[in-house]
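With the hints as extra help, turn the sequences into a complete structure.
Protein chains: 6
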Amino acid sequence: MDDTTGEMLGYTMETLLQAGALDVSFTPIYMKKNRPAIKLEVISEEDKADQLQKLILTETSTIGLRLRKAQRLVMKRKNLPVETEFGIISVKEARWEQIVKYAPEYEDCRKAAREHGVSLAEVYRKAEEACYQTEEGKK
Amino acid sequence: MDDTTGEMLGYTMETLLQAGALDVSFTPIYMKKNRPAIKLEVISEEDKADQLQKLILTETSTIGLRLRKAQRLVMKRKNLPVETEFGIISVKEARWEQIVKYAPEYEDCRKAAREHGVSLAEVYRKAEEACYQTEEGKK
Amino acid sequence: MDDTTGEMLGYTMETLLQAGALDVSFTPIYMKKNRPAIKLEVISEEDKADQLQKLILTETSTIGLRLRKAQRLVMKRKNLPVETEFGIISVKEARWEQIVKYAPEYEDCRKAAREHGVSLAEVYRKAEEACYQTEEGKK
Amino acid sequence: MDDTTGEMLGYTMETLLQAGALDVSFTPIYMKKNRPAIKLEVISEEDKADQLQKLILTETSTIGLRLRKAQRLVMKRKNLPVETEFGIISVKEARWEQIVKYAPEYEDCRKAAREHGVSLAEVYRKAEEACYQTEEGKK
Amino acid sequence: MDDTTGEMLGYTMETLLQAGALDVSFTPIYMKKNRPAIKLEVISEEDKADQLQKLILTETSTIGLRLRKAQRLVMKRKNLPVETEFGIISVKEARWEQIVKYAPEYEDCRKAAREHGVSLAEVYRKAEEACYQTEEGKK
Amino acid sequence: MDDTTGEMLGYTMETLLQAGALDVSFTPIYMKKNRPAIKLEVISEEDKADQLQKLILTETSTIGLRLRKAQRLVMKRKNLPVETEFGIISVKEARWEQIVKYAPEYEDCRKAAREHGVSLAEVYRKAEEACYQTEEGKK
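Residue numbers (my numbering), protein chains in the order written: chain A, 1490 to 1628; chain B, 1490 to 1628; chain C, 1490 to 1628; chain D, 1490 to 1628; chain E, 1490 to 1628; chain F, 1490 to 1628.
Treat the hints with caution; some may be incorrect.
Any copy will do: because identical chains look the same in the list, a pair fits if it lies in one copy or spans two.
Stated by the list, open to error - Result set (PhoX-like, lysine-lysine): computed pairs, CA atoms no more than 25 Å apart in a straight line:
hint : residue 1 : residue 2
1    : K1567     : K1581
2    : K1590     : K1543
3    : K1558     : K1581
4    : K1590     : K1537
5    : K1558     : K1600
6    : K1565     : K1590
7    : K1565     : K1528
Derived from the structure by calculation, the hints contain no laboratory data. All values reported here derive from a predicted model rather than from experimental measurement.
Below, the structure written as C-alpha cells:
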C-alpha cells in the first residue's frame, strides 16, 4: 500500500485487533515510482477472515488482498500467577515437546511498574525470578 | 539477495514492470555474515511467470527463486473522468460488495500539478471533491 | 540498541511521550554479530533533556546516548473547529510564509468514526471538505 | 512523517531532485500510535536550502523541519569515456589521496543494455574491463 | 517476535545455519503496542524442518511458527577455480536454460584481500576478469 | 550507498570494527530511481577518524562522507565475574547517577551455552540471577 497514510494504518491495526485478528504487522517496503510503502499482514482464524477482509478494504486504500492458508505450530499456553514484591504478576507458560519457557504478562508488568515507580525491566526480572523459583521448587 | 547493488535492483524493477509484472516490491532484510540484503517480490499473472523468472535470473545475481500461487481478492475497478479547475482528472472507482472508494489517477494529478504550478495535494483534493460531488449528485 | 526487546521499547516510547518528549521514533538498523537492532530517537525541548535521558537509561539496556542540538523550522499552528455531519472536528491549520495547509485532528476523527460507524477516511474527507469550504468562503 | 502517502513522497522526491537537491532519501521509521512513517532526508548546497524547505513544506504534510549544517568529505570526480562493444560508456573516476575507483555511468549503461538486448550487469562488466585496461595501460 | 533481543536473534541465526538451514533472514516489522519486531524466516530442506523448528522454539521467545512448503527454482551450480595475481579464487558458475552467470566465492576473496592488503572489490574484479577470460577463451 | 553489495558491506563492517570503530550500523533507506540503499554509520574516537574514513572510501563505492562531532553521554562500566552452574560469566555493570543495570557478557554466555548444550536464554538468566543475588547480598 503506497497511498494510505501512517495515521490510517495505525487506526486500521487497532480496528483489526479489536475485531479479533490474531496478529497484525506492518513491513516497510519500496514500490514503483519511488514510493515507500507498507505491507500489511493479518493472521486470523478462518471464520473471521471475511469480516477482517471487509475491514481492510474499507479502512485502507488497497484495491486487493492476497489470501493464504497457513499451517501453524503453536506451543501449549498456560497462565501462572506468581507473587512478587510488586504484587501478583501473570506469567505465560509455553510448552511443546521438551521445550518449556516462561514470559511475564506485559500488561501486569506495565501496571506494576507504573504503580511502584520502578523500571519495567525490574518488574520483569522479579516476575521471572519468582516464576523459575516456583517451577524449580516443584521439581 | 545480498550481492546485487541498488542500481541493478532499480533497473530490474523497471524492466519487470515493463514486461508486464502486476506488482514489484523490495523489502529490506538482514542475512548471514552481517549482510544487509533485499527481498524482491513480484506478482504476476500465471502466463507471464516464465518470462519474468528469466528476467530476474538474468538481471540480478540471485541463484534461485521461490514460486507460489496466490489467491487474490480484487475490487472491481472503473475509470471516472471528473472535471476540475485543473482540467479533466481520471478517478479510479473501486467496488466490492458494499464498499466503494475513489482514488484520483496519479499520472493525471502529477501532470496537472506541474502545469498549473500547484501542489500535488491540492490537485488530489480538488479531484476527490469533484468526484464525491458527482457521486453524491447521482444518489 | 540490540539488547532491548520490542516490548520494552514500546513501553519506553509511551513513557517518553507521557514525560513530555515532542517526538519519539524507532528506526530499524543492523549491527555487528548479525544483530537486528533499533535506533531510538527522541526530540525534546532543552529543559526536558535531562529527565528524558534518565528515562532512556533506566528503561532500556543502552549504555550511552548521543546528544545533539537541532535547529528547527516549525510552521505556525492554529486550531480550527469545523462542523461536519459527524459533529465538530478540530482541524489544525499550519502556516509559514505563503504556505497554508490543513489537517484534521486524529483523535476527533477517530472518535467520530467509531461513534458513527463509518470509515476514518470518510470522516477525514468530510472534515477537510468543511475546512476548505470555510477557508474559501473567507476569501 | 506519518500522514503523507507513499505516492506524495515519490512525487516529492522527484520534485526535490529536479529543484537541485544533491541527495534525497527515505528511511522507514515507526512513530507513536502504531504509525509506520518515513523520515525524509535532503542534502543540498546552502544556497538552495530555502527553496527546498519551501518545497517540502508545500508538497508534504510535515509541520516542521530539522536543519543541520554538515561537513562533507567528497572525492574528486572526473568523467572518462571508454569504448566498449556496446558503444561509448562514461565512467566516473573518483580520487582522494591514494584511493582511486571507477564506476560506470548508470544512464549510459542502461541505454546500452536496452539497445543491445543484454543484461545491465554485462554492460557494467565490459565498461569496467575497458576502464581498468585503459588505466593500467597508462601506467 | 517482539520480545527477543537482537543479541538472541544473532545467536539464533548462527545456530540455525550451523544446524543446516539453507537460508536465514530477519525482516524488520512493526507490531501492536508500538513494538518494533523482527520476522525470522528460515528456508530448509524438509528433512531438517523438525530440528530447526525445535531450535527456534528453544532459542527465541516465540510461541508459534508458520510452516509453508515452497516450490523452488534453482540454477545449476558448479565451482570453477581461476588463477589471479592473488592466488586461486573459486568462482561459482550458475546455469539455467540460456542464462549463465559467475560470482567469485566470498570466503576466498576475503582471505585474499586480507593477505594481500588490497580492497575486497579489487580481488572480486580480478577474479571476475580471470573467469570471463577463461570462459570466453573456451568459446 | 546504492551501488555497494551486501557482501561488500558485511566485509566493510568487519574491517571497520577490527580497525577500532566503536560502533558500525546499517540503516535500510530508499534513494532515487527506485534504488534500495544502505546508510552506513560509524562512530569512532576522533583520533581514529582519518583511518576509518580511508577504509570506507576504499572498501565501498561511496564518493563522499558526512562527518559530524557528537556529544556522548556514557555510563560508567565495570566488569563483574559471577559464578553460575555454567562456569564463570562476566557481567557488565553500568552506572550513571542513581541508575545501575547489569548485562551478562555475550561471548561468555555464548561459549557456555554451546559447551553445556543449553539455550542462550537460560545462561543469561542464570548469570543475571547470580549477579543480582551478589549485588543484593552486598546491600
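Each hint tested on the structure:
1. K1567 / K1581: Classified as within: same-chain Cα gap 6 Å, cross-chain 34 Å, threshold 25 Å.
2. K1590 / K1543: Between copies only: 13 Å across chains, 37 Å inside a chain, cut-off 25 Å.
3. K1558 / K1581: Answer is neither: 27 Å inside a copy and 30 Å across each miss the 25 Å cutoff.
4. K1590 / K1537: between (29 Å within a copy, 23 Å between copies)
5. K1558 / K1600: neither (37 Å within a copy, 34 Å between copies)
6. K1565 / K1590: within (11 Å within a copy, 33 Å between copies)
7. K1565 / K1528: between (30 Å within a copy, 21 Å between copies)
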